[in-house]
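Enquirer: Respectively, the protein sequence lines represent chains U and Z.
So in numbering that gives the first Met the number 0, the last one in the first sequence is 658, and the numbering has no gaps at all.
So in numbering that gives the first Met the number 0, the last one in the second sequence is 383, and the numbering has no gaps at all.
Read the hints as simulated data drawn from the structure, not as lab findings.
It is possible that part of the hints are untrue.
As the list claims (entries may be wrong) - Ranges of calculated distance between the beta carbons of each label pair, as one might list FRET restraints: (1) U:394 x Z:92: 57 to 63 Å; (2) Z:27 x U:141: 22 to 28 Å; (3) Z:257 x U:134: 53 to 59 Å.
From a predicted model like this one, the values you see are computed outputs, not experimental measurements.
All C-beta atoms, glycine included, are put in the ideal place defined by N, C-alpha and C.
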Amino acid sequence: MVAEGLGPQPAVRLRAFTKNYGRLRAVCGVDLDVDREEIFGLIGPDGAGKSSLMKAVAGVMSFEGGSLEVFGTRIDSEKSAESVKERLGFMPQGLGQNLYPDLSVDENIDFFSRSRLVPAKEAAERKKGLLEMTRLTPFRARPMKNLSGGMKQKLGLVCTLIHEPGLVILDEPTTGLDPVSRRDFWTTLSVLLREKKITALVSTAYMDEASRFHRLSLFYGGRAVAQGSPDEIMAAVPGALVVCKTERQSETLAGLKKSFSDVQVRGSWLRVFVKGADEQEAVGRVGQVVGEGVAELRSAPAELEDIFIALLREKGLVVESSRGVSDMTDSAMPARIEEEGRGGADIEARNLVRDFGGFRAVDGVSFRVERGEIFGLLGANGAGKSTAIKMLVGLLPPTAGTGYVAGRSMLQAPRAIRERIGYMSQVFSLYTDLTVVENIRLYAGIYGLDRGRSRQRTDWILEMTELAGHEDQRTESLPMGVRQRLALGCALVHGPRILFLDEPTSGVDPIGRRRFWDILFRLSRNELVTILITTHYMGEAEHCDHLALMHGGKIVADASPGEMKRRLANETGGLLEVKTDRAAEAMEALREAGFQGVSIHGRQIHLLAPDREAAEHRIRKVLAEKNIALIAVSQQPVTMEDVFVHHVMAMEANGGKSR
Amino acid sequence: MNFKRILAVTSREARGMVRDKLFFAMAFIVPALLMLTFGYGLSLDVMHSPLAALDYDRTSMSRDYLHRFMDSPAFSFRGYLKSERQIYPLLASGTVRAVLIIPEHFQQNLLAGRPAAVQTLIDGTFPFRAQTVKGYVAAINNSFNLRELSLYLCRTRAMSRRRALAGLEPIKAQVRCLYNRNLRSDWSIAPRLMMMVMMICPPFLTAMGVVREKETGAIYNIYSSTITRGEYLLGKLTPYVVVSIFNAVVLWLIATEVFGAPFRGGRLFFFASSVLYVICTTGMGLIVSVLVGTQVAASLVTFIVTVVPTVFYSGMFVPISSLSPSGRVVARLLPAMYFTNIVSGCFLKGVGFKVLWSDAAVLAIYAAALFMLGYSRFHKRPAS
Chain U
0 MVAEGLGPQP AVRLRAFTKN YGRLRAVCGV DLDVDREEIF GLIGPDGAGK SSLMKAVAGV
60 MSFEGGSLEV FGTRIDSEKS AESVKERLGF MPQGLGQNLY PDLSVDENID FFSRSRLVPA
120 KEAAERKKGL LEMTRLTPFR ARPMKNLSGG MKQKLGLVCT LIHEPGLVIL DEPTTGLDPV
180 SRRDFWTTLS VLLREKKITA LVSTAYMDEA SRFHRLSLFY GGRAVAQGSP DEIMAAVPGA
240 LVVCKTERQS ETLAGLKKSF SDVQVRGSWL RVFVKGADEQ EAVGRVGQVV GEGVAELRSA
300 PAELEDIFIA LLREKGLVVE SSRGVSDMTD SAMPARIEEE GRGGADIEAR NLVRDFGGFR
360 AVDGVSFRVE RGEIFGLLGA NGAGKSTAIK MLVGLLPPTA GTGYVAGRSM LQAPRAIRER
420 IGYMSQVFSL YTDLTVVENI RLYAGIYGLD RGRSRQRTDW ILEMTELAGH EDQRTESLPM
480 GVRQRLALGC ALVHGPRILF LDEPTSGVDP IGRRRFWDIL FRLSRNELVT ILITTHYMGE
540 AEHCDHLALM HGGKIVADAS PGEMKRRLAN ETGGLLEVKT DRAAEAMEAL REAGFQGVSI
600 HGRQIHLLAP DREAAEHRIR KVLAEKNIAL IAVSQQPVTM EDVFVHHVMA MEANGGKSR
Chain Z
0 MNFKRILAVT SREARGMVRD KLFFAMAFIV PALLMLTFGY GLSLDVMHSP LAALDYDRTS
60 MSRDYLHRFM DSPAFSFRGY LKSERQIYPL LASGTVRAVL IIPEHFQQNL LAGRPAAVQT
120 LIDGTFPFRA QTVKGYVAAI NNSFNLRELS LYLCRTRAMS RRRALAGLEP IKAQVRCLYN
180 RNLRSDWSIA PRLMMMVMMI CPPFLTAMGV VREKETGAIY NIYSSTITRG EYLLGKLTPY
240 VVVSIFNAVV LWLIATEVFG APFRGGRLFF FASSVLYVIC TTGMGLIVSV LVGTQVAASL
300 VTFIVTVVPT VFYSGMFVPI SSLSPSGRVV ARLLPAMYFT NIVSGCFLKG VGFKVLWSDA
360 AVLAIYAAAL FMLGYSRFHK RPAS
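Chain U extracted, bound-state conformation:
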């Protein structure tokens, strides 16, 4: 049901909204307005309060303080919440978790339309339209549990929209999805919302999805740190980003950290956010600090994450790590360079295959990880990343193929491998009722370290993973980011030369993630630890020296992040951003006109085109035919997401063959 015209009130109005769970304050004092027919985003890490707020708006959870109005109705009781539910649709968090696994696609939709009392005829019509729109029609009879993640999410969307609500509340609909499905989901959502004149409140943990929203709110620690359109937020902290590349990365980093608060390593690049400076001034100031011997030094467009962290710093919400990169090394670490004198690969996968019943989770995966390198395995949930890692560390026998870790065959010497590696699993294997130090000592005991060595290693770990000050805290009381560092510390207890990290940053906030990456960087550069890390954050991929993209059990690309982007830019030209007055319609028109990689980002369209001038000319023509006003066309740098989507599309076009 759509509200009659554009009413005077916004779809959602929150004032001083507060939600507590016992003594825990989940959301405190948030003011927020969602206007009619806009896509409003809530961006923030796990535990920032997004879900609590959305549940309250959906009327499925009570709250303690402040006021909430939905379509002008004040929600303060179960009764008032019920009165607006006819006009709401809510999709809770979790990939298809709220759907019914044993019911088919059809039956799932039917349940939602029947429980919403949609008349049978209308329900059938809407279902047909929505299934077509989401391209789910061929799968109507398939039980929901046998759908892919992307299809589940689209089915969830169909179920949420079947009664044509005026407002949909979607809680992290894209978390864990592969970039192709994510793009597809956003496109579908944008088109449907515009067609039906629906307002949407959508949350995400991915900073790079900010451009999908008309307006958004950045959440951290239960507060809205900033609000506005993506452009407004990007302008909230004046400053410029400078990137540079040097031979002596560690020293340069240490030097920069002394002068600037926001310094970050990303693969072979150092990134510095210079607050309050324009581009030229920023480059100059950074240049002064790094001095001679810089291979490259230039300004670059800042990302939302840079702004987010700068904002948190302004508001005093960031606890700084007390030291920069010291030259601290563990003298007692095994002299691994002597032990394995010859250079080369520390980890090598050769045609690894793993079947689970009739399902092939890993399909002929090969890659090499050089000593001291940070190697990223990037892919969606279910791409086969964890399975590949488990085979390499000897937790799971491969169906076919083999692998070498630290020069030893994983088939013949799994024990010897295990002594030389550290493994941090997706679920941090920590004992939550033990303190930080007790956890480290426990792992020292498991690896058979004697007392003296155990004490020595504990001190080293506390320093390396920046856990000083938390020693005697129970693990259960630690925030996610600290737990993650402790889990890393426990994996380091026996001084391994190779680290396997399986999605270590899932659910950790951006600041925690940055700090974690700083530690990984030190381990890699100062301690020469080889690191294999998996992640589904596209942005994080850029931290790696080398990258393998996984999709459907296969590796679809394998190169350094910069190389990958360069190749894509060479192959397809560049990324163009098209600003129009009607984005959804423009997207359809441009797709029909045969443009590649067309996707919708809020009010903008992104597409790939080789020749900018010719492309702009064609765009102008296509849009003019549909009477869509073109506001601007601009060149944008390609992102990891573009790279990933491009490779997956190419693979699917090739009939599933990789590379």
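Fit chain Z to the supplied structure of chain U, relying on the hints for placement.
Expert: Relative to the frame of chain U, chain Z by itself:
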């Protein structure tokens, strides 16, 4: 109340229950399986206890004495032993549960009018069973004594055998057990098992069914929709009640057909009370499900609130009248006891509505109270 919405919830629930393998097993297989395993395993009759004998006398009289044991269905004779050394290993391994030791000169002493002592060793690890075996030994021994004494009287006092026996046993106890003439424990246990299984299974099914939705987040489909909580509970619980009623019929068939328990009461009354009881226990599952949030917690709490009371306070193993005064109060506060009354009344005693209406009425009140409580505690807008 909108019937269409209730139907939407019910049909979805029913489909899920049939298609989910685990749920299907819990709904349709577990109850019958529980009934069968408990029924066969829980027989309280002590029959065919394995017995061995060490006969030092080896006379016709000692063999005669032993034959009385061999012929009794209470014992199953496993053979003669050769020496005392064999006894303890056999008892320790559980191969035999009792050993009779007949001393030398058994016949000689008896014929000379001197008493003879026969030692019986019984495995006392299960007091109840040992007590029963002891009783059998005493009874068989007694009857042998009586016969010997009567023969002695016949011989010495020239009495007829009948007079001798009558003189020896002036009062003959004529005991007749009503309702279960042969005191077959399976007759009394099978119907009570019905009570127990129907106390455990419906709450499990219900609690898991509701809590599973909470765990996956599917409950938000309900919370965020226009379905009222009454409609949801009615739609959601109807399939569980229907399945449980179906199970009650299956269990009734197992009790009467497989275990051969006699059913003497009114079928209609019994069916109606079973329905009440099942609604009652489904309501208990509902209460559990509104209190906890995870399936693990739900199964634990359900176990505690169903199994414990049925074992101790339902009259299943221990009659309510044998409980301590406080135990009797607890028993009266729980629904299991009332259905036990109905079950044993309908099966063995053959009574019906006239005698048992009050028990049925308590169940009805109970069911109504549980559902009212569940309804009042279930909210579509909880605090967390």
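Enquirer: Determine for every hint whether it applies to the structure shown.
Expert: Checked hints:
Between residue 394 of chain U and residue 92 of chain Z the beta carbon distance is about 44 Å. The supplied range of 57 to 63 Å is therefore violated. Evaluation of the 22 to 28 Å hint for residue 27 of chain Z and residue 141 of chain U yields a pass: the beta carbon distance comes to about 25 Å. Checked against the given bound of 53 to 59 Å, the beta carbons of residue 257 of chain Z and residue 134 of chain U, roughly 55 Å apart, stay inside it.
When the structure is compared with the earlier hints, a violation turns up for hint 1 alone.
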